[in-house]
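Hints are included, so try docking the two chains, each in its own frame, into the full complex.
In order, the protein sequence lines correspond to chains V and E. Read left to right, the first sequence gives residues 306 to 440 (our numbering). Read left to right, the second sequence gives residues 617 to 704 (our numbering).
Hints are computed from structural coordinates only; laboratory data are not their basis. Treat the hints with care, since some could be wrong.
Stated by the list, open to error - Cβ-Cβ distance ranges computed for the label pairs, FRET-style: (1) Glu659(E) x Gly389(V): 32 to 42 Å; (2) Gly407(V) x Pro692(E): 15 to 25 Å; (3) Lys369(V) x Glu659(E): 42 to 52 Å; (4) Lys356(V) x Ala664(E): 14 to 24 Å; (5) Lys438(V) x Asp668(E): 21 to 31 Å; (6) Asp436(V) x Lys703(E): 46 to 56 Å; (7) Asp365(V) x Leu623(E): 25 to 35 Å; (8) Arg690(E) x Ser414(V): 22 to 32 Å.
As the list claims (entries may be wrong) - Computed cross-link-like contacts, SDA-like style, restricted to lysine to any residue with a CA-CA straight-line distance of at most 20 Å: (9) Lys357(V) x Val432(V); (10) Lys644(E) x Lys356(V); (11) Lys356(V) x Ala435(V); (12) Lys622(E) x Lys357(V); (13) Lys622(E) x Ala405(V); (14) Lys622(E) x Leu393(V); (15) Lys622(E) x Gly389(V); (16) Lys384(V) x Lys622(E); (17) Lys628(E) x Glu397(V); (18) Lys683(E) x Ser413(V); (19) Lys369(V) x Arg649(E); (20) Lys622(E) x Lys356(V); (21) Lys628(E) x Asp391(V); (22) Lys644(E) x Gly407(V).
We treat Cβ as the ideally placed atom computed from N, Cα and C, and that holds for glycine.
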Amino acid sequence: MASLAGSALSFARPVKAINIKSVSFSGLRKDNVAFRLQPVPQRFAVCCPAKKETVDQVCDIVKKQLALGDNTEVCGSSKFQDLGADSLDTVEIVMGLEEAFGISVEESSAQSIATVEDAANLIDDLVAAADAKSS
Amino acid sequence: MASRPKLSGIQKQALALYRGFLRTARLKAPEERRRIESVVSAEFRGNARDVDRRNFVYIEYLLRRGKRQLEQLRNPDVTGLATLEAKK
Chain V
306 MASLAGSALS
316 FARPVKAINI
326 KSVSFSGLRK
336 DNVAFRLQPV
346 PQRFAVCCPA
356 KKETVDQVCD
366 IVKKQLALGD
376 NTEVCGSSKF
386 QDLGADSLDT
396 VEIVMGLEEA
406 FGISVEESSA
416 QSIATVEDAA
426 NLIDDLVAAA
436 DAKSS
Chain E
617 MASRPKLSGI
627 QKQALALYRG
637 FLRTARLKAP
647 EERRRIESVV
657 SAEFRGNARD
667 VDRRNFVYIE
677 YLLRRGKRQL
687 EQLRNPDVTG
697 LATLEAKK
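Only chain E is shown next, with the shape it has when bound in the complex (with noise of 0.2 Å):
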């Protein structure tokens, strides 16, 4: 990967919708930030790894999931988010 590949409409996307998100997070108390950033980043790397990049179907349901979650994290009332750790 020498030369940076044209990215395409839903890789877009998903940049667009990080950005939002790390936005949205300068916007609360900086503890509260500093773990909505770690949440969030973990949340993109990790299904930047796992997902297929062919599964459009299923990236399209998590930037629809992932919007939702951004309109509710806009809220001003809403400081912070916590995630619960599934075992598999």
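Looking at chain V on its own, in the form it has when it is part of the complex (with noise of 0.2 Å):
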């Protein structure tokens, strides 16, 4: 049972592509509910996409550059062009994720950004790659 549990803890959290295994465990599930509140080891963190909080922060300040109203919807999947951004909004999206992130992010990795969802990819690999420079 412990070792059942132990194995369990690794997709206790959400990951995109949900492995077979998990299927197994769902009988546990009262029981995994208290490993969530684990730190999630270091090397899941690398391998998920986007975290939500990067995402909704990435909406966030899109919508204040944008200037869009609260009754505009903009999740992950949202293009930048579809929410009625040109080029040069674009740009200044880019500028004020760099400004609030504290990152740099590439001319060339910055010409490839068209979604929320390629930010906070972009912005989570930026950050992680920070911290692992620092520590």
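Put into structure tokens, the structure is as follows:
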């Protein structure tokens, strides 16, 4: 039992590509709840898509930058262009994000950003890289 | 324009220049920074609207001029910039 719970811990976090193994643990769901509060091992942060908080923060900044009303829905898959941003707005958004997260985006990668999710993924990568460098 | 068209070289240059201006504006005092950003943004948007996209000679002239102005703005002794509105 102890070993079962231990291996369930690895999958307790919502991962986009749900491993087939987690299905076999569905009967133990009640037990798993307790483990969600445990710190997640660092290696799982790398393979996960962008964190929820990052996406939310990006959405807020995009909304502010484009002066969108509260009734406009901005989510992870929103394209800047569909939100009414031209290429100059996109540059401004990326600059705003750089400042908010204290990172520096390379010219080449900055130009490939088209959606909120692209931006969030890139930010998470850069923040993780910066953390790794400083520690 | 459902999918994002690939940017041409000259468009990339213009965006890189805009990025350069915004980066440089960060180094200035907050109030000047806001003014620089609004002047630069107005200049880029105005040219994007008014200049024919096939007028490469003029666009390349604007890019050269912008690069020169950016070099001047990079100088730490330069604290701000001002514009003169010419009546047409």
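For each hint, the structure was consulted:
For the pair Glu659(E) and Gly389(V), the supplied restraint of 32 to 42 Å is violated, since their beta-carbon distance comes to about 21 Å. Evaluation of the 15 to 25 Å hint for Gly407(V) and Pro692(E) yields a pass: the beta carbon distance comes to about 22 Å. Look at Lys369(V) against Glu659(E): about 23 Å separates their beta carbons, and that is not inside 42 to 52 Å. Evaluation of the 14 to 24 Å hint for Lys356(V) and Ala664(E) yields a failure: the beta carbon distance comes to about 35 Å.
Distance hint for Lys438(V) and Asp668(E): a CB-CB separation of about 46 Å, inconsistent with the stated range 21 to 31 Å. Range check, Asp436(V) to Lys703(E): about 54 Å between beta-carbon atoms, so the 46 to 56 Å window is met. In this structure, Asp365(V) and Leu623(E) meet the distance hint of 25 to 35 Å, their C-beta atoms being roughly 27 Å apart. Between Arg690(E) and Ser414(V) the beta carbon distance is about 23 Å. The supplied range of 22 to 32 Å therefore holds.
Straight-line distance between C-alpha atoms of Lys357(V) and Val432(V) comes to about 15 Å, which keeps the hinted pair within the 20 Å bound. In summary, the hint linking Lys644(E) to Lys356(V) is not supported, as the alpha carbons are separated by about 33 Å, beyond the 20 Å threshold. Using a Cα cut-off of 20 Å, the hinted pair Lys356(V) and Ala435(V) holds, with the two alpha carbons roughly 16 Å apart. Proximity of Lys622(E) to Lys357(V) is assessed by CA-CA distance (about 29 Å); at most 20 Å being required, the pair is judged violated.
For the hint linking Lys622(E) to Ala405(V), the alpha-carbon distance of about 28 Å lies beyond 20 Å, and the restraint is violated. The straight-line distance between the Cα atoms of Lys622(E) and Leu393(V) is roughly 15 Å, inside the 20 Å bound, and the hint therefore holds. Our distance criterion of 20 Å between C-alpha atoms is met by Lys622(E) and Gly389(V), whose separation comes to about 18 Å. Among the hinted pairs, Lys384(V) with Lys622(E) is consistent with the structure: their alpha-carbon atoms are about 15 Å apart, no more than 20 Å.
Restraint check: the Cα-Cα separation between Lys628(E) and Glu397(V) comes to about 14 Å, which is no more than 20 Å; the hinted pair holds. Distance hint between Lys683(E) and Ser413(V) is fulfilled; the C-alpha atoms sit about 19 Å from each other, no more than 20 Å. Distance restraint check for Lys369(V) and Arg649(E): the Cα-Cα separation of roughly 18 Å lies within the 20 Å cut-off, and the hinted pair is therefore satisfied. Taking the CA atoms of Lys622(E) and Lys356(V), the gap is near 29 Å; set against the 20 Å cutoff, the hint is violated.
With a C-alpha separation of about 13 Å, the suggested pairing of Lys628(E) with Asp391(V) holds against the 20 Å cut-off. Restraint check: the Cα-Cα separation between Lys644(E) and Gly407(V) comes to about 17 Å, which is no more than 20 Å; the hinted pair holds.
Checked against the numbered hints given earlier, the structure breaks hints 1, 3, 4, 5, 10, 12, 13 and 20 and satisfies all the rest.
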